[in-house]
Every structure is written in structure tokens, then in C-alpha cells.
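Given next are the chains, with one letter for each unit.
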Amino acid sequence: MTNLTATVADPAASDAPVIAYPTPLLRIDGVTKKFGAHSAVDDLSLDIKAGEFFALLGPSGCGKTTLLRMLAGFEAPDTGKIELNGEDIAAVLPHQRPVNMMFQNYALFPHLNVRDNIGFGLKSAGLTRLGIDTRVAEMVALVKLQGLEKRRPDQLSGGQKQRVALARALARHPQLLLLDEPLAALDKKLREETQVELMALQRQLGTTFVIVTHDQEEAMTMADRIGVMNDGRLQQVATPRQLYEAPASRWVAEFVGDINIIEGGITHRDSHRLTIAGRDVGTLFAIEPRQPVGDAVICVAIRPEKIRLSRRGPATDLVNSGAMNSLEGVISDVGYLGGRSLYKVKLDRGATLRVALANTARLDVDAYSMGERVAAWFAPDDCVVLVQ
Amino acid sequence: MAVHPLRLSRFNVTSLVLGLAFLYLPIVILVIYSFNASRLVTVWGGWSTRWYTEFFNDRAMLDAAWMSLRVGVVSATLATLLGTLAAIALTRGTGFRGRMLMSGMLYAPLVMPEVITGLSLLLLFVALDAGRGFVTVTIAHTTLTMCFVAVVVQSRLAGIDRSLEEAAMDLGRDPLRAFIAVTLPLIWPAIAAGWMLAFTLSLDDLVIASFTTGPGSATLPIRIYSEVRLGVKPEINAICTLIVGFIAVVIVLASLVSKLSSARGESAAPL
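The listed protein sequences derive, respectively, from chains A and B.
Number 241 in UniProt numbering belongs to position 241 of the first sequence; there are no gaps in the numbering.
Number 161 in UniProt numbering belongs to position 161 of the second sequence; there are no gaps in the numbering.
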């Protein structure tokens, strides 16, 4: 606790896996795509490295699917360049790109059986019958669909269809596999299993995956890096951990996971430590972010699970020295979620904090009840200071 | 598939019997009277097949039937080709101006009185100084039936997910090959149905054909109509029975083919 003030404001950066990718496989450079007056993708630049599992995350209508369709070649960018291995592919038609796509609704050919669906792209490539059969058998084994080769798509379950679509897209050895909401149609249990399988498959094959999803847990679980999109622009590109622990903006902080946002102004700066007058909260201590903030109105963001509760507050000297933030209030709402409980604490100064506590014991010894007086406390380096 | 079998009440049975009788009793009577030995259409004179032999010896009637068959096959094929292309353009081409207008105009011939279509075509052919006969009737029937084909194919195309063709392109087929490999097999039943509809309409048409045909190239309906004006001969019953039989066989065959191809567990594409 003594060297708290000396710690870097970006705790996630040090934990991020450092993977050395050789070259960017895909370079998106200043790409804009307009539909009428509306910019679906707005001056977007992004590098994706070979072998990476990259997720495009964003609310519906943010332009992530349009971007994916531009990578597949179904839409042409109005301006900007898309380079694959250093070659501009903006003008290359879909059937000539070494890129394959797994469609959201799978788009399996209903009149063809599993074997012919998987072999479809191999036939286009002019493979011999023997070559097709060999590769199809490999793919069938890879996605564990043995025995279903003769079935037609309407005789398959949702999970099996998903596997066929994946095998079909991978059969041509694409340099880049695009996945458009690949798991959206599966139920929760199957989705979680499939996430793990997809990750294992990606590692095994080494193919670069770009996945589009609106499900942040899915993106967090699977991706090496996540690009968060809103209004056609990338808000932040980071590892899942950086994204969660060091969001670049208030929008990203609020979009990814649950978070408490406290608005306020800086009243004092002392080496790297900020003293902040939070609205309806009182005095808060936080660490100055890497990019220094001005004296403008700022906000302090704190994740619910970073806050601890206790019936008595932390030691007074901790609070007085600014090593710990402590806020007093009353429990105003309790939500029991099994593994954890969500509490709402109505602070004496007026604001409400959401606090998540793990239910570590079966008996409710550490549970708080409605109306109980508590102290909510958290360390300054658990706070993220963001410009408004 | 697990629909509860409908329990038939007395009311259901009665309405079913009455409905079927309303539809098929006239045809049944026609078929029975085609085997009538008597020369008088309304008087039963015992069983005979003499009117069938009479028909097969009636040169003019056979020529008319042959003419109808040729017009039907050629115009249905042309109409299917043009109608399918129109349906594709109207379903897929969302970008071009006047698409709504075009789409509406396609439906107009469906509701246009045949007399008007026939008369306007006659005026056109006269203006072009085209000799009326097989060619003009075929063109006229193509214009009449093309919109029916387009409507049938369009409704099928609209139900096909666009991403199927995109998937085919993504898997290395150029747009034309993607269409042939994926979309065509899926709209094939509609195209076949459109062809049959066009063929039947052409076979059945009297009004437009009588406007656009010339001397020496009467179609079967025109021939029958002109015979009937002089009094119904039992031979006409025989011809009509043959036509009914022919159409019934075609329909049974068509439904058998589609049943078989969907029952087979294999891929149904020849490509």
C-alpha cells in the first residue's frame, strides 16, 4: 500500500499477453462506407495480425457487419484502402479473395447435403473428385460431424448446422476467416461449449479469425484483441483485459460491463494522485491516467466488483492519507444472483453505487440486508479517470 | 408435421362432397357422354368409342390440336425465359429507378381484359404488316403468360435468402455460376410451375388467339368454338375428354417428380 501513488495508472497494461505477431495480415486504412447520407463505417483504420483472433464488438447498427462485408467483398468502400498481405483488395471480387465467411444464419445450401455443402468451395477451386473427398473427410473429422455426410441442412440441429458452416468456410484454407455472429442462434449452454471449441480450432489451425458480435462476454472469452465500434468508428482497440480495466472513454466504460460513473472536478494534484470533488459523493482519490487530464469536468469510473463493503469503515489513517476511498451509506437494494450478489448503496451525500460481492460462503454470514448502514471502500488505483 | 388429423364432422363431409361435385360433376358428365353412341349430345344411346375414331380421322381438328400444342410449348418456353429474367431483375435489382413502376406494370396484364390485349396486339401486328399465323399467336401468348410466370417465380425468389448466393460467391463462384449452382435449383419448382401455367393458359386461350391468328392456323379452342356454333357434336366431348386426361396425367407426373426429389435424402442438384 505504501507505493500506491507510484503505480502506473494502467494496471491492465502489465498483465496483457505480449504476443509478437510478425506482419499485419490485414490493413484497413481510412475506410468510409456511406449508405445515403448515413456513414455506416466512418474513416476507420485497423491492423489485424496474422494468426490473431480479433473481435469486432458493438451495439447493433454500429457498422461492424458492414465492415465485415467489406472484408468479404460484398460491399466496396467509398474511400480508403483494404490491404491483405500488402495488396489492395478493395476492387477484388468476393470469389477471388482468399477470405471466407461464416454467415450469421449459416447460409447452408438447402438442396445440398453436408458433404456437398462442405465440398462446394473445393469444387469451385477445380479440385478432383478424390481431392474433394479427402478434404471433406478431413473437415468432417475436424468439426466432428462423422456419419452425417448424407444429411441435408433441414435434417440437422442448430449446433450441427453451425459446424457445417464452419467446415465449409475453412475447407478452402482461407488466410482470413470472417465470422458474422456465429453463435447467436445457439442456446446459452451450447454457445459456451462452442466458444471453447472455436478457440481451440483457431489455435490448432493458426488461421486469422475476425468475428463480429454484439455479445461482450463472447468477445472477451474468445478474442486476443477486441475492437469496440460505435457510430461507424472504432472507439478502442485493446485486449479484453485492457478494455475492461482501462477503457479509453466513458462510452466504452459504460458499454463494456457494468460500471459506476461519478462526475466531478479535480481540486488538487499531487505527483500522480488526484483529489477529486465528486458530485453527490464527496472527496475521492484517484491516480492520474497516463494521458494527463485537464482541469475540466471529469468522471471517475469504478467497477462494482472493485468496491468492498463492510459494516465498519477502513482504518481512519488509510482514509485520511488518501490511500483508500471510503463512502458511507445505506443498502437500498439487494439482488441475489447465485455466484454473486448485487447491492445498491445509497450514499449519505446522495449518489447511488452498485457493488458486486462474491458469495463465498453458503451461509449468508457476509450478506447485507436492506437498510443496513455500510461503508463502501475502494483503492484509488481501482478508479479510472476519464474525460467527460 | 405433427398436425392433429382433422376429425371430419357430418358438416365437413357434406360440404366436401358438395364442393367436389360442383367442381367435377360437369367434367364427369362430359367424359361419360364422350362415350355416347348416339349422334344427339343429350340423348344416351349406349357405349361407343366412335367419336374418338372420328376425331382421329378429322384432319382439320388434328391440325388445330397440333397447332395448339406447338403454340403452347413455344410460347410457354419463351414466357418462362422472359418471365424468370423479369422476376430476377425485379427481386434482385433494388438499385434501378422506376422499379416500383415496372413491378406494377408487370401485374397489369393479369387484370387486363383479354379483349383489350387481343385487340391491341392485332392493331400492332397490322401496323407492322406481319402476316398473321403461328408466329403472331405465339408472340401474343408469350405476352399474355409471361407475367404469370414472373409472378410465380418472383414469389419464390423473394423467399430465398440472398446470403445463399453470397455464400456461393464467397466460396469461389462468380455471380453467374453462383446463381446457376444455388439459386436456380431452388427456384426450379417455381420455373416448372410457371411453364405449366403458361402452357395451360395458352392451350386454353380463345379470345387473344382469335384476334391474332390468321386463316389456316386455327388453334384447338378456335376450332372447337366454331364447330360448337353449328351445334355440339359428340366428337367435341371426346376431344375435351382427351384434353382433361392429358392435363391430369401432366399434373400427376409433376407432383410425383417433386415428391420423389424431396423424399430422396441426397443432394438434388445436378451441378
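Honestly, the hints are just simulated from the structure, not real lab data.
Treat the hints loosely; a few may be bogus.
[Stated by the list, open to error] Once the Cα atoms are required to be at most 20 Å apart in a straight line, the calculated SDA-like pairs of lysine to any residue come out as:
{"#": "1", "chain 1": "A", "residue 1": "LYS81", "chain 2": "B", "residue 2": "LEU186"}
{"#": "2", "chain 1": "A", "residue 1": "LYS161", "chain 2": "A", "residue 2": "VAL196"}
{"#": "3", "chain 1": "A", "residue 1": "LYS161", "chain 2": "B", "residue 2": "GLU165"}
{"#": "4", "chain 1": "A", "residue 1": "LYS123", "chain 2": "B", "residue 2": "LYS259"}
{"#": "5", "chain 1": "A", "residue 1": "LYS346", "chain 2": "B", "residue 2": "PHE179"}
{"#": "6", "chain 1": "A", "residue 1": "LYS150", "chain 2": "B", "residue 2": "PRO185"}
{"#": "7", "chain 1": "A", "residue 1": "LYS150", "chain 2": "B", "residue 2": "LEU186"}
{"#": "8", "chain 1": "A", "residue 1": "LYS161", "chain 2": "B", "residue 2": "ASP204"}
{"#": "9", "chain 1": "B", "residue 1": "LYS259", "chain 2": "A", "residue 2": "VAL196"}
Results for each hint:
Of the pairs offered as hints, the one joining LYS81(A) and LEU186(B) is violated, with about 37 Å between alpha carbons and a cut-off of 20 Å exceeded. Among the hinted pairs, LYS161(A) with VAL196(A) is consistent with the structure: their alpha-carbon atoms are about 17 Å apart, no more than 20 Å. Taking the CA atoms of LYS161(A) and GLU165(B), the gap is about 18 Å. The hint holds against a cut of 20 Å. For the proposed pair LYS123(A) and LYS259(B), the alpha carbon gap of about 28 Å is over 20 Å, so the pair is violated.
Restraint check: the Cα-Cα separation between LYS346(A) and PHE179(B) comes to about 63 Å, which exceeds 20 Å; the hinted pair is violated. Between the alpha carbons of LYS150(A) and PRO185(B) the distance comes to roughly 18 Å, so the proposed pair stays at or under 20 Å and holds. With a CA separation close to 19 Å, the supplied pair LYS150(A) and LEU186(B) stays within the 20 Å bound. Annotation: proposed proximity of LYS161(A) to ASP204(B) is violated, straight-line Cα distance about 47 Å (limit 20 Å).
Restraint check: the Cα-Cα separation between LYS259(B) and VAL196(A) comes to about 42 Å, which exceeds 20 Å; the hinted pair is violated.
Figure legend: structure checked against the earlier numbered hints; hints not met, in rising order: 1, 4, 5, 8, 9.
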